[in-house]
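Number of protein chains: 2
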Amino acid sequence: MSRLAKGRLPKQSEDFPSWYVEVVKQAGMAEHGLAKGTMIIKPHGYAVWEYIQRALDDRFKATGHANVYFPLFIPEKLLAREAEHVEGFAPELAVVTHGGGEVLEEPLVVRPTSEAIIWTTYGKWMQSYRDLPLLYNQWANVVRWEKRTRLFLRTTEFLWQEGHTAHATLDEAQEEVLRMLDVYREVAEDVCAVPVLAGRKTAAEKFAGADTTFTIEGLMRDGKALQCGTSHNLGQNFSKAYDVQFLNRDGEQEYAWGTSWGLSTRMVGGVIMTHGDDKGLRLPPAIAPVQVVVVPIYKSDDERSGILEVAGKMRDALAGNGVRVRLDDRDQHRPGFKFSEWELKGVPIRIEIGPRDVASDQVVCVDRVVGDKRQLATSEAIASMASLLDGVQRALYEQATAFREANTHEVSSYDDFTDGIEEQGGFWVGGWCGDPACEAKVTEDTKATIRLLPIEREDPGEACLVCGKPGLERATWGKAY
Amino acid sequence: MSRLAKGRLPKQSEDFPSWYVEVVKQAGMAEHGLAKGTMIIKPHGYAVWEYIQRALDDRFKATGHANVYFPLFIPEKLLAREAEHVEGFAPELAVVTHGGGEVLEEPLVVRPTSEAIIWTTYGKWMQSYRDLPLLYNQWANVVRWEKRTRLFLRTTEFLWQEGHTAHATLDEAQEEVLRMLDVYREVAEDVCAVPVLAGRKTAAEKFAGADTTFTIEGLMRDGKALQCGTSHNLGQNFSKAYDVQFLNRDGEQEYAWGTSWGLSTRMVGGVIMTHGDDKGLRLPPAIAPVQVVVVPIYKSDDERSGILEVAGKMRDALAGNGVRVRLDDRDQHRPGFKFSEWELKGVPIRIEIGPRDVASDQVVCVDRVVGDKRQLATSEAIASMASLLDGVQRALYEQATAFREANTHEVSSYDDFTDGIEEQGGFWVGGWCGDPACEAKVTEDTKATIRLLPIEREDPGEACLVCGKPGLERATWGKAY
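Sequences listed follow chains A and B, in order.
Using our numbering, the first residue of the first sequence is number 1, and each one after it goes up by one.
Using our numbering, the first residue of the second sequence is number 1, and each one after it goes up by one.
Keep in mind that the hints are not guaranteed to be accurate.
Said to hold, decoys possible - Covered stretches of chain A (chain B as the covering partner; in silico rule of three or more C-beta atoms under 8 Å from a C-beta of chain B):
#, region
1, 28–35
2, 89–102
3, 107–121
4, 404–415
These are computed hints drawn from the structure, not numbers from a lab.
Glycine residues also receive a C-beta, built at the ideal position from the N, C-alpha and C atoms.
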């Protein structure tokens, strides 16, 4: 529990980065660990992650995947086999050189991702096309040595899931890549209420070792984009590097086709920055550890016992209906303090019960998102709670979608674009000739990057925003975390 | 899927260690990783772990605990603060010395357990008794550099949960320790069908840093004991080492009282060695990834389509009732091969559907544990499946309990004891004077250790088995993994 009084949070409009740091701390989501760049995920933050995990895991299983677990340590030479992969990750590696009091013969890398170790093993798991596809996922911690870190968004160690699949054909691999991208989109939008754009990364922005990377990107309330999950078509890059072949339907040896896809605790940061306001978090009911808080209001001890009894019954009735409800019966805090604290923690609905409410068999029901305050008959509050929570879930999604739409701009002049993205942030959509030089120039001029291209290439019908040559792709630009 | 034919498993009675290695591999539970001593947990093995996880996690939450996540890396000097703790773990540490291409200023230890890092943080999370208890758990990987490793039982990296709680009084801490020990007992017995003895460890066997360690111990089919989970009363050892004080009810600063408790993927090994037989695994339905397999039996293509249709309906009906069911419709394997493979994988119940069964609207139902083979009307098989599965769960527990009882011996002569434990294994119960020298002598003579003492000290009513002096404790000895 935070002991900070109301109003101690910086305003988003004045200093968004400080607002983020403070809301993460004060709402009890996470704090820094002792080793540089590490994170302690606190109970409120971890519970949000658990709901995201469950939503993903259920969908992974419904789409035919099983969970596995591969080791944390990767022999250093193993990682080196896929050239682009090792080049991409080498600067970020943590290395174990001592074990059991002795210097290791070969240093072990702490996994930054698990393609290398998994593809070494997949060779043993497939002989013929009948063994394919391999559809596996693991929930794991990974380590990437980062210079600048930010809680949830970029930490040296983070938690994620990484799916790794092997297929008999490129088409099947591509289907899988898009299927899992859509699972990510669905969990982001339907569960986290975070509207996202789904698309393809440019060669400069793709995963080291992939043929093509697909992404879902959200727009945060400061106008910056957040990559929330990625799904990679690995082609035969890893199967060739690790010599993973199978007997295909034509009786020939063929290198397997691979995919990998990951979503991490970064998504919790995305939820915070998509929905939070100056009062604190606003959590979508689907992932809120506490969906409803009941706050009793009393002045005397006489009032207290009667009100706590009614409040307890309300809690039990809601819990019995499957609502995640907390009765805040702490004596040492006044109701106003409790209101602020639960607002800070983002609880979707607050129920207040005072003496007059008890007398009239009513409660006051306050909505964290719309701010509605209404009196409801006790029985009605209980009966309608599920639909009230649905309303909050929907309202958060709609507000975030409206925000994104208001901050997405079609643009055809380079000056308008560079001025606009500097002043307003947001997504900027325009033609791109496909030349990495034009892509790089924008980043140099504005720090913005191409967040995504359409999943399938579309003729943009306009010239490249940068060089004026014919456009090859319709690109969406943004400054990003 | 294993491609090995029936009968390739060594017999338990002839070579239990080889039987274990082979059943773990052939049933697709796990295999060795590339870095020394590491383990790849395969889908069938990981799914068993997931059911154990869910059973534990539900009970942790029902007893008021929340999940958190603390970093993998611990600054080396931090670990050194609790003297006994660091002495216990120093020989087993893996150390990261390089990060991001540079030598680290201070080496980072990969957590062997998280008391050190958690207690450093708990100091910030409590001011007064009102903040207590802290009741947190984490699901994590830990690393202990082991010389000799064995899949699931002892690997350099393993998965576990570690609960870490802080309390205002010693009594509350002790209540917590025993509460969680009982959660472990319940999950072992009611979920994994592994009967366990619950008790207290001697000073020689306790956790490095604990005042007292409690344990649950199972007896494997080779007569060796397996420690399945431990719960530690840490007293004020860690709060003093990491200076964690709170303002107590009397307005005085007091060091907090701690507990920790852990159960790991080792439990999967315990399930294998408690229930497995010469045909392979026998999985308790509560943790079996596949509870029922439906095997269609046909000779011609004509028969095939009709039987697959009926088999598919059976699968759907069982799945609709919440049974985890698989229809094995692979064309490339004959029924006998499939029977052996699913027996190897430990599936509790097999349903066979052949032409005559279809004609008479019946199925053949075969029980993996009792070996019962009976014809049931299709509707009856569907309606009674839950109770058939309950029967398998109960039978496994009863068989294991009978085995343990047959292999538990009261003993008062040291010669009978040393001869008996050498020849038969099992648990041996007798008096102990409490002297570590007597405890050490037994281990020297027999390799057996005191597996546990009663939770509360009981007068054994007999002399020390070793030295003949008055007995102080009633000790249970065994050879252990």
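So which of those numbered hints doesn't the model satisfy? 4
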